[in-house]
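S.K.: Whenever a hint applies, use it, and build me the whole structure from the sequences.
4 protein chains.
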Amino acid sequence: MTDSQRSSRAATAAAKRRRLTAAAAQVLHHKGVERTAIADIAQAAGVPVGNVYYYFKTKDELVEAALTEHTATLDTLTAELDRLPDPRARLRGLVTAWVTQRETAARYGCPIGTLAVEVDKRDPGGLDESVARAVRRLLDWAAQQFRELGTDDPDGHALTLVAGYQGMSLLANALRDPEVMTREGERLLAWIDAC
Amino acid sequence: MTDSQRSSRAATAAAKRRRLTAAAAQVLHHKGVERTAIADIAQAAGVPVGNVYYYFKTKDELVEAALTEHTATLDTLTAELDRLPDPRARLRGLVTAWVTQRETAARYGCPIGTLAVEVDKRDPGGLDESVARAVRRLLDWAAQQFRELGTDDPDGHALTLVAGYQGMSLLANALRDPEVMTREGERLLAWIDAC
Amino acid sequence: MTDSQRSSRAATAAAKRRRLTAAAAQVLHHKGVERTAIADIAQAAGVPVGNVYYYFKTKDELVEAALTEHTATLDTLTAELDRLPDPRARLRGLVTAWVTQRETAARYGCPIGTLAVEVDKRDPGGLDESVARAVRRLLDWAAQQFRELGTDDPDGHALTLVAGYQGMSLLANALRDPEVMTREGERLLAWIDAC
Amino acid sequence: MTDSQRSSRAATAAAKRRRLTAAAAQVLHHKGVERTAIADIAQAAGVPVGNVYYYFKTKDELVEAALTEHTATLDTLTAELDRLPDPRARLRGLVTAWVTQRETAARYGCPIGTLAVEVDKRDPGGLDESVARAVRRLLDWAAQQFRELGTDDPDGHALTLVAGYQGMSLLANALRDPEVMTREGERLLAWIDAC
DNA sequence: AATGAATGAGTTTTCATTCAT
DNA sequence: CATGAATGAAAACTCATTCAT
Chain A
533 MTDSQRSSRA ATAAAKRRRL TAAAAQVLHH KGVERTAIAD IAQAAGVPVG NVYYYFKTKD
593 ELVEAALTEH TATLDTLTAE LDRLPDPRAR LRGLVTAWVT QRETAARYGC PIGTLAVEVD
653 KRDPGGLDES VARAVRRLLD WAAQQFRELG TDDPDGHALT LVAGYQGMSL LANALRDPEV
713 MTREGERLLA WIDAC
Chain B
533 MTDSQRSSRA ATAAAKRRRL TAAAAQVLHH KGVERTAIAD IAQAAGVPVG NVYYYFKTKD
593 ELVEAALTEH TATLDTLTAE LDRLPDPRAR LRGLVTAWVT QRETAARYGC PIGTLAVEVD
653 KRDPGGLDES VARAVRRLLD WAAQQFRELG TDDPDGHALT LVAGYQGMSL LANALRDPEV
713 MTREGERLLA WIDAC
Chain C
533 MTDSQRSSRA ATAAAKRRRL TAAAAQVLHH KGVERTAIAD IAQAAGVPVG NVYYYFKTKD
593 ELVEAALTEH TATLDTLTAE LDRLPDPRAR LRGLVTAWVT QRETAARYGC PIGTLAVEVD
653 KRDPGGLDES VARAVRRLLD WAAQQFRELG TDDPDGHALT LVAGYQGMSL LANALRDPEV
713 MTREGERLLA WIDAC
Chain D
533 MTDSQRSSRA ATAAAKRRRL TAAAAQVLHH KGVERTAIAD IAQAAGVPVG NVYYYFKTKD
593 ELVEAALTEH TATLDTLTAE LDRLPDPRAR LRGLVTAWVT QRETAARYGC PIGTLAVEVD
653 KRDPGGLDES VARAVRRLLD WAAQQFRELG TDDPDGHALT LVAGYQGMSL LANALRDPEV
713 MTREGERLLA WIDAC
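These protein sequences, in sequence, are chains A, B, C and D. FYI, the numbering used here numbers position 83 of the first sequence as 615, with every residue one higher than the one before it. FYI, the numbering used here numbers position 188 of the second sequence as 720, with every residue one higher than the one before it. FYI, the numbering used here numbers position 60 of the third sequence as 592, with every residue one higher than the one before it. FYI, the numbering used here numbers position 14 of the fourth sequence as 546, with every residue one higher than the one before it.
Listed below are several chain A residues computed to face chain B (Cβ distance under 7 Å; list not exhaustive):
1. Thr646
2. Val649
3. Asp652
4. Val663
5. Gly699
Quick caveat, the hints were computed from the structure, so don't treat them as lab data. By construction, the Cβ of each residue, glycine as well, lies at the ideal position given by its N, Cα and C atoms.
M.R.: Spelled out as structure tokens, the structure:
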């Protein structure tokens, strides 16, 4: 086997893994963990069912991959916001991004929040920690902004911000009303300005 | 058949239904809708599996009963709070009750909130409406207090309050940390005082 | 207990039995034996489920009652036809009656014929004999007409006639086409005339 | 994977599907649709129950496969008869084949006819159409023979022939008497000769 | 006889995971 | 690594029949 064949295969394999991860993130968000069969993810990724297990040994690993994927999406967003000079502007940018996603939130809820709820009901495993990690990543970033802003108790403020987001996403979803995102989003913006 | 016999049997049947409803509320909250088998609820209620279907035709009906049960619990609480003369005291009482439940919230989340998330992933049915109704009941009560308090936009304030509760419950659960309830609960109390 | 009470109860009981029999005949014809639950028949008869078993010890007995009911309906018809002086006219009247029922036949098939098919698949019991008896009743009446007509092999002719009826009912039902009844009915009339 | 391996496995899979189809055709004919459990078919085919669903997504699909199988059997017969030069001889051959099957007919009825009756009682689905198609296949072949014979109204004659077959099968089954097939078969032969 | 409730065996269907090639 | 096929353990739901009153 030549090096190029090997690396091409590796590339294919990596691509497949990426496709599976992306499919898992999307399908698990839309259908929920328990209602999603491995076959659903395989199909969405265009991968034969039996092959999935060469990339993910269990369904839980796919859930974890989805969690990681959503975290990565979040990282991309915060990385972009980090280019703004003003921490307040960054926080506002985050809230604005949430509001922009209002239709999705009203239909499917926050990807990480709903996964958190579903994972909590699954038998104890490393997933709880993965969820906590995903949540903490967001909390930490927000706390850093509040810190740079000179706010007292930046962790508390971060908690309030993220709780506000999770709460409004859950209510928007439960009431199937994207306007909840708009209203609460504006309140959060005003709150940030007042910090 | 005498009246007393009839009513005694009716009482037994009604009692069984109540036992099943209570069991459903508890087990579904703890294990989640998808992870709970009808047999789990039957066992918790001390009823043979086959007999459950005499009282509830489908699993969804049990979920609905659980939702109703949680709403009733909430109603009991708000009814008690309604005896307080001051709307602000009532709102504070609600928040205090939430904080008191912090261990449960950290372990299992808010019963209605987590059911809302899980139900959203189940195939469309009357359950979405049941969830929305349960959520709206809480929103309406809160809005009424804000109205009596003379706050502008009572509905908006109610939304903020309930979103705050759902958000803090979800985070407490995701982080397995009851302290989240305490901290955010205090913030909500201060916010109510400032309204 | 007075005599009138006793007889009134007896009357009620008899009436209930009749209602159950009629309901069984209708529901079993429309929904089929296996798809019909005892509860369906009870409901159609306006009788509480538990009570059915005081009149019919098993589901099979209800099927038998339905069979008897359909036979009785047939008897009523043939008794009426028997008032006609001409055996040929009687046979023609029978065929005409079948054609008149074409919509029902196209939708549900012949009551006795479909019951015969379904009963054949049920575990061996007296029902096979009940079915045979119902079928023979019709065969015998037809044979008698052919005999009076002076036809040779009246039994064979009866067989042909009834087979024709069962065949056209089955095809009308399978094709959901009442016209099958009309066309084959006319052929049978011509055949009778030629006998 | 080599081509031969692939085809060998494909052959095995196809063979299993064929075994399941054959088993379905036989067992459903003998025990009836409602009295046959998937497990019965699985056992008859020597396939584990869970595996059946890899080949047939629902019980209805198995029924449809059985219907197709019976149609195929019929096609084999008519294809053979098509080698006869005379359309009359072909029709006679068909009737003779029916009579040859008299013991089976007396015990279980016509496979397609009894399936037609049972399917009619099942909830609406594509099965009605499958039944109609199976019946029409036979009607069409018969009509073609009558057409070649120069008979007027070949469709009507086909209907008469097939109705005759269904009727005599049903009666033979209901009376558990294969002689019905013999007698009516002879009559049909004479009728064909007279056409 | 009357009746709501109880029972428990049976049936279809789903799916995570494993295996043979 | 690839892949179609296999497996077996649930799980929801149905229902004839029985029972307690």
